[in-house]
Amino acid sequence: MKARYLVVALLAAMVAVAASAASGGTNRAQAGKIVVWLQNDAQNGWPEAVALANRNFKAQHPDVDVDVQYQSWGTHLTKFDAALAGGDAPDVIELGNSEMSKYMAAGAFKRLTQSPFPNNKTWLTGLKVSCQYNGKLYGVPYYAGARAVIYRKDQYAKAGIKSTPKSLSQFVADGKKLMKTYGKDSGYSAVYFPGKYWYAAMSFVYDYGGQIAVQKGGKWKGTLNSPQAIQALNQVKTVFKSLTRASRTTDEANPQQALVFAKGKVGSFIGNGWEWPYALDAKLGNPALAPVIGAYPMPSHIKGRFMPTFLGGSDLAIPVTTKNQSLAADWIKAFTGNAAESEIAKAGNIANTTKLLAYNASNPKLAPFARAAKYSWFVPTSPNWANVENGNVLQNMLVSIATGRASVKAAANSASKQITRILNTGA
Amino acid sequence: MSRLAPEGAVASVAESEFTLASRRRRRFTRHRLGHIAAPYALLAPAAAVIGVILAYPMYQLVRMSFQKYGLFELIRHKGRWIGTANYASIFNDAEFWRVVLRTVAFTAVCVSLTMVAGTAIALLLLQVSRVVRIALTTGLVLVWSMPVIVAVDIWRWMVDYEFGVANWTLTKLHVGNFVRHDWFANPWTGFGVFTLLIVWGAIPFVAITVYAGLAQVPQELLEAAEIDGARPWAVFREVTLPLLKPIFVILTSLSIIWDFQVFQQIWVMLDARPTSDYYTMAIYAFHQSFQISEYGLGAAIAVVMVLFMFAATLVYLRQMLKAGEVH
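Chains A and B supply the protein sequences, listed in that same order. Just so we're aligned, residue 310 is where the first sequence starts under the numbering used here, counting upward by one. Just so we're aligned, residue 17 is where the second sequence starts under the numbering used here, counting upward by one.
Capping the alpha-carbon separation at 20 angstroms, the derived lysine to any residue pairs in SDA-like fashion look like this:
#1 B:K84 - A:T387
#2 A:K388 - B:E89
#3 A:K445 - A:N429
Residues from chain A shown here face chain B by an in silico Cβ test under 7 angstroms; the list is partial:
#4 G383
#5 L393
#6 A394
#7 S495
#8 R554
#9 S556
#10 R557
#11 T558
#12 N563
#13 N696
#14 G700
#15 T712
Since the hints were derived computationally from the structure, they do not count as laboratory data. A quick note: this is a predicted structure, and the numbers were derived from the prediction, not measured. Ideal Cβ positions, reconstructed from N, Cα and C, are used throughout, including at glycine.
Turn these sequences into a full structure, and let the hints steer you where they fit.
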């Protein structure tokens with residue numbers, strides 16, 4: 310009798326085992342509604358641009374509603390995969406420019422014709438390239454971003470720093486001055502640089518002439534263990550060790566570094582243009598910092614030059630599963646027209662067209678980022694690159710270096726090996 | 017019955033024309049048929065539910081584990097058969113074996129601590145006054161009823177890098193300088209936090225179940241043992257433990273199953289981006305599936321995981337069946 314109860318209990322237990330499942334979106338496209346997935350940067354940084362696009366779209370299609378659903382970078386691809394499998398993906402999706410090729414190669418997006426989209430002749434080349442696969446267009450450039458050092462002018466002045474640093478060694482020396490002046494407070498960071506902040510760390514690598522991976526004869530090879538890259542990563546380690554008290558196991562978005570900066574115990578951080586106004590946000594940030602906040606391009610290890618910045622950015626695409634392709638295209642047109650793009654630029658980004666670049670250069674809050682954007686780097690252009698990003702390969706390496714779990718060399722060797730393997734999968 | 021079913025009424029009228037003997041025989045066979053069919057009919061709803069929520073997903077999982085199923089295949093809803101290549105790939109993957117070892121060790125530690133602490137609290141419940149017992153039981157039930165995500169968020173704040181109350185308390189108690197201490201910088205302390213979190217969440221179920229079992233132990237047996245001069249530990253070991261063995265076996269098997277597949281706690285605590293030192297089998301399977309888009313590989317890992325758990329519970333199942341025969 311007891312044994313029989315046990316069997317029942319075990320069956321119940323096995324049912325419990327099966328209960329772990331992933332959640333997906335449930336946005337079946339209906340006539341009269343389109344679903345748009347945007348990253349929450351738009352929600353925080355340029356909601357006016359989204360509202361404007363929706364108004365314009367609504368004027369054109371009064372009987373169609375737009376349901377904008379905001380996603381976060383950490384989970385949006387997982388949700389997108391689940392939605393694709395379930396056949397209920399959104400009608401428009403924003404993807405980071407480094408995430409595009411994996412999905413274009415897999416045939417996830419509708420092919421687009423270039424001519425109907427606003428400013429298509431003057432799209433930023435860097436973004437346009439990320440929208441193309443085998444010479445065909447699958448996306449529309451949305452905006453680009455460049456990072457610069459956002460800093461506290463008052464703290465720099467009090468620490469006796471007369472002008473913004475012109476070289477990396479000056480940057481480190483100035484940071485040490487800040488630590489001397491303010492560092493008694495155990496929560497203070499001269500540079501807020503969390504352990505997983507790979508966009509900033511890889512800029513060091515490219516500045517020293519290193520690369521994440523190179524392609525030779527159709528084969529990829531991870532090269533973070535090259536002498537140049539190792540030298541650069543040692544510099545990153547110096548920043549971790551002597552200039553920051555940020556957690557060595559978190560990234561720049563958890564917590565949002567601009568909001569940590571807003572709390573006042575940070576001298577500077579390497580941030581996107583939109584993070585400047587975000588730090589001053591009336592609700593989440595600290596508007597009182599407005600008179601003392603500034604920005605300058607991150608200096609190179611070669612005096613007088615800038616460190617290359619990651620040419621980040623986003624594109625908009627139409628998933629193959631949609632039944633509302635022309636509506637989706639109309640919404641993208643409304644969102645990438647001059648009016649909305651100007652709003653996006655005002656929020657601290659670089660608009661998708663060279664026509665609006667003058668807008669950035671003439672605005673003191675945007676000019677440092679526009680200058681920084683002149684020297685940029687981009688991730689290896691392999692369809693498998695997104696797997697390196699999502700596989701946390703670079704984050705694992707940086708955390709190992711920051712926490713001292715592994716030597717720079719050992720961490721870089723292991724990362725290079727993984728990158729080689731992932732980029733060549735299926736090739 | 018006949019009023020509700022007119023066909024039945026017609027049938028019974030027709031039946032009256034049969035001889036008594038044939039009627040008796042018919043009744044007998046009908047009775048026998050009902051006797052045989054009844055258990056199956058009673059089992060049917062449960063079997064259907066298990067079929068829908070367990071068998072079908074399991075079938076899909078096993079199927080997918082023999083297929084190349086990446087993003088390309090996902091969009092077309094069609095995998096490509098590649099035999100056992102996925103299994104070969106994970107068995108040759110050093111990372112996979114590290115993850116397995118880590119998961120087994122983590123499960124062993126969590127289950128042992130849960131069982132020992134849970135039993136200790138159950139024994140304590142027997143000794144304390146009514147008021148204390150009610151307070152303690154209420155506390156246990158509150159912990160048990162707390163949703164995992166809420167619990168993780170609370171623990172996350174307690175060990176927060178900047179504002180963690182655990183860091184503050186340890187510093188105030190002069191245990192050391194824990195200001196801006198990063199518990200997850202070192203995987204050992206990181207897993208220490210996870211062990212505490214899991215054990216804390218699992219204790220209530222074990223404690224309350226064992227307490228219920230303890231209440232069923234015949235008082236006279238315990239008294240007899242005491243009169244024979246057995247010390248409390250010996251009474252527990254020689255009398256209580258054997259009587260409660262079935263309960264312990266079930267609790268241990270369930271705990272193994274729960275702890276072996278730990279996912280949310282680590283995932284949520286580490287911002288959905290755990291570094292590879294924090295991969296357990298469940299996270300590794302999720303990582304391969306949803307982050308690398310290799311759903312076939314992820315499925316193969318999940319299948320191996322299910323087999324592991326099945327093997328663990330099978331040992332106990334056999335032991336129990338043997339015990340059942342003896343009684």
